[in-house]
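4 protein chains.
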Amino acid sequence: MKKFNVGILGATGAVGQNFIRLLDGHPWFNVNFLAASPRSAGQSYEKAVAGRWVMETEIPQNIRELQVTTAENIQSAKDNCELLFSAVNLDKSTVRELENRYAENGIPVVSANSAHRWTEDVPMIIPEVNPQHLEIIKIQRATRGWTKGFISVKPNCSLQSYMTPAFALIQAGYPIESLVITTMQAISGAGYPGVSSMDMIDNIVPLIKGEDEKTEKEPEKILGSIQGNKIVSDHSIKISAQCNRVPVIDGHTASVSVKFRGTKPTIDEIIHIWETFSAEPQALDLPFAPKHPIIYRYEADRPQPRRDRNADKAMAVSTGRLRECPVMDYRFVALSHNTVRGAAGGAILGAELLAKKGYLK
Amino acid sequence: MKKFNVGILGATGAVGQNFIRLLDGHPWFNVNFLAASPRSAGQSYEKAVAGRWVMETEIPQNIRELQVTTAENIQSAKDNCELLFSAVNLDKSTVRELENRYAENGIPVVSANSAHRWTEDVPMIIPEVNPQHLEIIKIQRATRGWTKGFISVKPNCSLQSYMTPAFALIQAGYPIESLVITTMQAISGAGYPGVSSMDMIDNIVPLIKGEDEKTEKEPEKILGSIQGNKIVSDHSIKISAQCNRVPVIDGHTASVSVKFRGTKPTIDEIIHIWETFSAEPQALDLPFAPKHPIIYRYEADRPQPRRDRNADKAMAVSTGRLRECPVMDYRFVALSHNTVRGAAGGAILGAELLAKKGYLK
Amino acid sequence: MKKFNVGILGATGAVGQNFIRLLDGHPWFNVNFLAASPRSAGQSYEKAVAGRWVMETEIPQNIRELQVTTAENIQSAKDNCELLFSAVNLDKSTVRELENRYAENGIPVVSANSAHRWTEDVPMIIPEVNPQHLEIIKIQRATRGWTKGFISVKPNCSLQSYMTPAFALIQAGYPIESLVITTMQAISGAGYPGVSSMDMIDNIVPLIKGEDEKTEKEPEKILGSIQGNKIVSDHSIKISAQCNRVPVIDGHTASVSVKFRGTKPTIDEIIHIWETFSAEPQALDLPFAPKHPIIYRYEADRPQPRRDRNADKAMAVSTGRLRECPVMDYRFVALSHNTVRGAAGGAILGAELLAKKGYLK
Amino acid sequence: MKKFNVGILGATGAVGQNFIRLLDGHPWFNVNFLAASPRSAGQSYEKAVAGRWVMETEIPQNIRELQVTTAENIQSAKDNCELLFSAVNLDKSTVRELENRYAENGIPVVSANSAHRWTEDVPMIIPEVNPQHLEIIKIQRATRGWTKGFISVKPNCSLQSYMTPAFALIQAGYPIESLVITTMQAISGAGYPGVSSMDMIDNIVPLIKGEDEKTEKEPEKILGSIQGNKIVSDHSIKISAQCNRVPVIDGHTASVSVKFRGTKPTIDEIIHIWETFSAEPQALDLPFAPKHPIIYRYEADRPQPRRDRNADKAMAVSTGRLRECPVMDYRFVALSHNTVRGAAGGAILGAELLAKKGYLK
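Residue numbers (our numbering), protein chains in the order written: chain A, 95 to 455; chain B, 95 to 455; chain C, 95 to 455; chain D, 95 to 455.
The set of hints was computed from the structure by calculation and includes no laboratory data. There's no promise every hint is true.
All copies of an identical chain are treated as equivalent in the list; a pair is satisfied when it fits inside any one copy or across any two copies.
To be verified - Restricting the straight-line Cα-Cα distance to at most 20 Å, the calculated cross-link-like pairs of lysine to aspartate or glutamate (EDC-like) are:
hint : residue 1 : residue 2
1    : 308       : 395
2    : 172       : 307
3    : 407       : 118
4    : 141       : 393
5    : 232       : 198
6    : 353       : 423
7    : 303       : 393
8    : 315       : 150
9    : 353       : 185
10   : 407       : 369
11   : 324       : 293
12   : 311       : 418
13   : 385       : 293
14   : 308       : 406
Between the sequences and the hints, there should be enough to build the whole structure, so can you do that?
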C-alpha cells in the first residue's frame, strides 16, 4: 500500500491528540499537516499544546516540531496532505462549511465531528457494519462537482458498544424489534477539562446532553440504505437509550435488553454469531481492524472498562452476561473504547477502508 | 409514645453500625443491648469495634461503654430489650434459626438480613408500600405459638429506588405490565472492606452477585396479598434488572423504563402522583418518615447520588428525567440511599410503624 | 445576642453557596442581602443559581425567593444588612476596591477572598489563634475615616490543618523553628467546575497554583503583632509547603514535620496540649466554635478526610500519627474541612467573634 | 544472549501475574515453570487464575495451558527452569526457607518478596544504584555451600521514586545529609483485593503498615558496602518518610525535601545530573533498562501518576518541581511505577543484569 500524507484539523484538542497518538507509526498514513485555532497557528505542535497535551504517552518525536497552521490555510493542506482527519470542535455550521471547503479543494475528509452526520449524502460509517455506504461518495462527488475530495463521518461513541453486536445478529438473520439501553460512559468523551471532578467523585450524572438522542437516531442511518442520491434511514428498530456519566477514564459500558422481531436465536447461537463475526475490515486485513470485532467474555463480572477496553488495540467490542430477559428476549453487557474504537481509531479504520478500496486518489 | 429498649444483633458490622448511628437520639427507641460474634463479646462496644467503626460520625457517647454480648445470650436480650434489630451477617439458615429463637423468646425481630425474606408468613415491608402485610404477624404468632415475639423483614436495597415510585402509580390506578431496570449501585451495600478499590477506580463492575434476582423477585412478594396463612406473590409485573457496581459511597441509582398494562398516565399526571404520594408512615407522622416519600427533581441532570441521597433524612426517594420511552411507555431515573432508606433506616421506619400500630407489647 | 441582618457578596458561587448553607438557621445572623454578577441580578436566588447549586443540601426555604442584586448596589446593602460576607471571585484589585467601598459605606466586611490578606491594617484571623489582631480594626477605621465599616479576612484553607496545632504548641512555650509540610488537598477548594475529572480519576496533581506560597507566607502574618498602624509578620518559623491535589471532595490533609527552637515537648505533652487547647471562641461559647478545636485521633490510620472532616460541625482540626521524626523533631498528620473551617465556616466564626466583642455596631 | 527458562513462585497472585505479563515476549527469559498454593496445583494456569486475573491484558497464549505445581515441587523447578522469580506471599520465615531451598537446589532466586531483604549476605538491588552488591553472591554461595543457586532481592516499591534521583546526586559528588519524604502511593501495591474501595473513594489513608520503616531503612542497605561476608548499611543519611495511600491504580508519587551535607549543587546542576544519569543497565543495554533512568519534567504540574508512570516501559523515574526549600536545601516531586519499576519490572531488570554478568550458569 502506498503511503499517504494526512492532516489533522483541530490537532490540538483531545480528539486531535488521539489522532496523533494513534497514527504514530501507522503503516499507511503519515501525519504531515496540523491545523488548529489562530492562537496555536505559527507555533510548533509541541509549543501549541504545551500544558494541554493530555495523552498518557509523549508527543511523537516527528510531530513535535511540525508547524501548526490555521484551519483556513487550505493551500497548505493541499500542498501537504492527501487526506484530512477532522477533529475540529466548533459550532456545527462552521464545521460543515470548513469540511466542505477542504473537500471541494480536493482533500478527502474523514471526520470525527458530528456536524455532517445528518447530511443526506455523507456516509456515517462503522467499517464492520455499513461499509457499503461508502458507495454514496460517488454520488456525493457528482452532486457537488467534487473530483478528488469527499466527506465521510463516523457515528457517536455512545452506540459503538452495542451496535456491532446488534448488527451481527441482524445480519445472521435475526431482525431486531427493539433495544432498551442504559449506558455508563467514560469522562474522556467530554474532552479536557470536560467533566468537573466535583461531579465524578462519589457520584454519577444521569445526563449527557444530546447523547440519548444520538444513541437512538444514528443507528437508523447506519442501518439505512442508499436510495437515489441519499442514505435513507431504517426505522424498523425502536431504541431507548438512557446515557449516564460515570467515573471511568475510557470505555463506555452499556446494559442492553433486546427483543427480536421473529424467531429468536438461542444463547449459544448468539455467542457463536458474535465470536465468528467478521467483516470487510477483517477480510481486507486493515491495520486497525481487530482480529475479532466482537469478543464474548464468559466471566460473570465482565466486560469491565478498565480491564477490557484495550482488547485488540482497543478496537474490539467486548460483550458478556448474555442472559434471557424477563421483559424482552435477551440482555447483555457491551463495552467499547470510546476514544479509540468510538472516535479517532474508528475514523482511522474508516480511512484505511477508503484507502484500500481506492477512494483516496 | 412510650420509649422502647431495643437491641442490635450483629452490632459491630457495617449495617449494625448504621443502626447505632441512626438510632442515636431516636425519640422512641433506646439502644440497650448489643450482640455480636464471640470475639467481640465481653468487651465494651468501643473496644469491640476499634479499627472497624466505618461511620462518618463518632460512636454515640452512650453506646461506647455498652457491653457487647454473644448472639446466643438470649436471656440478656430478654432482660434488656423489647425489640431486636437484626443486622447479623451469617449463613442464611443460621440467621433464620437465630431470629426464630429471639422471636420465640418473646422478642420482636425487625431484620435487615435477607434470610427470612421468603419465609411465607414473614412480612417483607416497605412502610409506604405494603403496611397491610403486617397483619400476617397475628397469623405468624398463632402458627408458631409465639405470643409477644414475631419476625418482620425489609426488602433488598436495590429495589427501593424504583419500588415506591412504581407502587404510587399502581395505587393511582395505573397497573404496570413491565419494568426494565439498570441499577448503578453504591459500594457501601457490600459492607466493609467489601468491594476492592482495584475494581472501583477507573472502573465499574457489571455484576453484583444475586442482586439481579432479588431486584426482580422481591417486588412480587411486596405487591402480593395475604391469603390464608401466607403472603402470596403477585406475578403480574415482569421485571428485568441489570445491577452494576459503581464508584459511589452511598446511593443506588436506577435507569427505569416502564410499560403500563392499560391506559397510561400523562407525564404531568405521573409527576403529580409522585409529588402528592403519601402513605401510612406520613399519616402517622413517624419519626423516620420523610415528609414526601417521592421527590421529583426538575433539573435535567438529577437525581445524582452525592447530591440527592440525603434528601429528607436520606429517607426520601428522588426521581427525575421522566420522559417518553421509544420502546416502553416512559422512562425515568430513581435514586435512594441504600444504607439508610434501603437498610437500617427502612428497618427503623418499619419498627416505628409496628410500634405505632401496637405490635410491640 | 441581638440578631444581625447579613449579606453575601458573590452569593451564587461555590463559596457563596457555602455561606448560605452554613448560615441557615444561624442564631445570630440572618441572610438578607445577596449580591452577584449582573447576569444574576434581578432574579430570585433560586433562579440565579438554577443548574449551579452544588451543595448537598437544598437551598434554604427563606433564601429561594430572595432577590439577587449587583455588587455595585451598595445602597441596597446599606438598607438590608449590617455585615457583609465577601465570597466574591474577581481579580484582586477589583475585590479590594469593592470591599473598601462597602466598608466606607458603613458595612463591616468579613471576607473569604484573598485580596486584602496582605493589606497591612487588615487582620487575617483564625479565631482560635490571633483574635487579638482584631484590635487593629480601630486603627483601620481611624486611618481611613470609617466609622462603622471595616474589613477583616480569613487565611487560606491550606494552612488551617496544621496552623492551630502548631500555634497551640508555641503558646504552650515550645517555639517552633521550622515546618516541612506536604498537603493533600480536596477538589472543592477549586470551586465548581474547578478541577477536571480527567486530572482526578486514577491520578493526583502535584501543583495548586500559588498555594505553596500562601501556605508558607500567611502564617507569618497570623503569628505577627500589631506595631503602630500595621500588623508586622513574624519570620521566626521557616515553612516549606508542597501542595498536592487529590481526589477527595472535602478535607485538606497535611503530613507535617516540625522542629522546635529550644526544648522540645514529649509526645504525651504535645497530645495533652492539643487536647486541652481552648481559646477565645470556646470561652465565649460562639455558635460555630468547636468544643475542642484540636482533636487527637489515636487510631494508627487516622485522620482521614471522609471520616474526620466533619468533626464538631466540621470546625475542629483533627490530628494523628504523632511520632518522632528521624530528621526533624516530630511529625504528624493534620486535617481540616477546607470549605467549612477553612473558608465559610471560619469566616462565620470570625464574624461571631466580632459580634460578641462589639465590633458590629 | 542465550535464552533462559525461568519459573515464577507465587504465580497466581498479583505480583506473579505482573511477572507473567511483563515476561511475555522477553528476549532472554522464557516462562516455563509456575508454582502456587496447593489449591491451584495440578491445574492449567488459566484455570488456576480464573476470576483472579487482574491484569489489563490477557493471559499470554503460551502461559494459559502451562501446568501449575506446588512450591514444594522443587524437582519440577530443577527440570524446567534455570532462574526463579519469587512472588510468593507467605509469612516471612516460610518465604526465607522456601527461597533457600530453591537456591540450595541450584536455582538462582530473584525475589520480589521482602523476606530476605535483611539477610546480611543477600544483595538488595536497584540495578542503576548498587549493581556492585551482586558481588556478595560469591560469598553467599561460598558460605552456604551453594554452587549454582543464590538469592537476590529488590527493595520496596515506596522508595524507588526518590532513591535513584538521590543516588545520582550523591554519585555526582553531593553527599546528602537528610531527606524528608511524603509518599502518595497507589493501591496496586496492596495487591487484590487489597485496599477497600470504602477507603479510597472521596478519601485517602495516612498509613500503610510497615511502609514508613521500609522507606527509611532500606536505603541504608542499598547505599551500604560489602565488608567481609556481609553488606553493611550506610547510616549517613537521615530519612523521614510518611506514606499515604491515595486513589491511584499505579504509580507512587513522593514529595521530597533534601539537605546536602556540604556544598550543594545548583538547580541547573541537579537537573543536568539527573538527565545525564546512566548506569550499568544502560551501558549493558539490558532489555528492561530505560534509556534515561531519570526523566525531568519541566511542566509545573508534573510528574503525575496517570500521565508519567508508563515513561520508558514504566521503568524510568520521573521527577519535577525542583525548587529551593525554605527549610532544607531543595525539594522536588518524584514518581515511579510501583508494580513495574518498583516490583516485577525491577526484579526482571535485576535478573537481566545477573544474566549479562554471568551469574546464571
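Can you tell me if residue 308 and residue 395 fall within 20 Å by alpha carbon in one copy, between copies, both or neither? between (28 Å within a copy, 17 Å between copies)
Please sort residue 407 with residue 369 into within, between, both or neither, judging by C-alpha distance up to 20 Å. within (17 Å within a copy, 32 Å between copies)
Please sort residue 353 with residue 185 into within, between, both or neither, judging by C-alpha distance up to 20 Å. neither (37 Å within a copy, 38 Å between copies)
My question is about residue 141 and residue 393: at a cut-off of 20 Å on alpha-carbon distance, are they close within one copy, between copies, both, or neither? between (46 Å within a copy, 12 Å between copies)
Using 20 Å as the alpha-carbon threshold, which applies to residue 172 and residue 307: within, between, both, or neither? Neither: 36 Å inside a copy, 50 Å across copies.
Could you figure out if residue 324 and residue 293 sit no more than 20 Å apart (CA to CA) within one copy, between two copies, both or neither? So residue 324 and residue 293 fail the 20 Å test inside a copy (41 Å) and across (43 Å) alike.
One pair to classify: residue 385 and residue 293, alpha carbons no more than 20 Å apart. Within, between, both, or neither? Neither: 37 Å inside a copy, 28 Å across copies.
Taking 20 Å as the upper bound on the Cα-Cα distance, should residue 303 and residue 393 be classified as within, between, both, or neither? between (33 Å within a copy, 12 Å between copies)
Since the copies are identical, ignore which copy is meant and state whether residue 232 and residue 198 lie within 20 Å (CA to CA) inside a copy, between copies, both or neither. Within one copy only: 14 Å inside a chain, 74 Å across chains, cut-off 20 Å.
Given identical chains, is residue 311 near residue 418, meaning Cα to Cα at most 20 Å, within a copy, between copies, both, or neither? Between copies only: 15 Å across chains, 26 Å inside a chain, cut-off 20 Å.
Intra/inter-copy verdict for residue 308 and residue 406 if alpha-carbon distance must be at most 20 Å: neither (26 Å within a copy, 36 Å between copies)
Between residue 353 and residue 423, at a C-alpha cutoff of 20 Å, which is it: within one copy, between copies, both, or neither? Classified as both; 5 Å inside a copy, 16 Å across copies.
In this structure, the hints that do not hold are numbers 2, 8, 9, 11, 13 and 14, in rising order.
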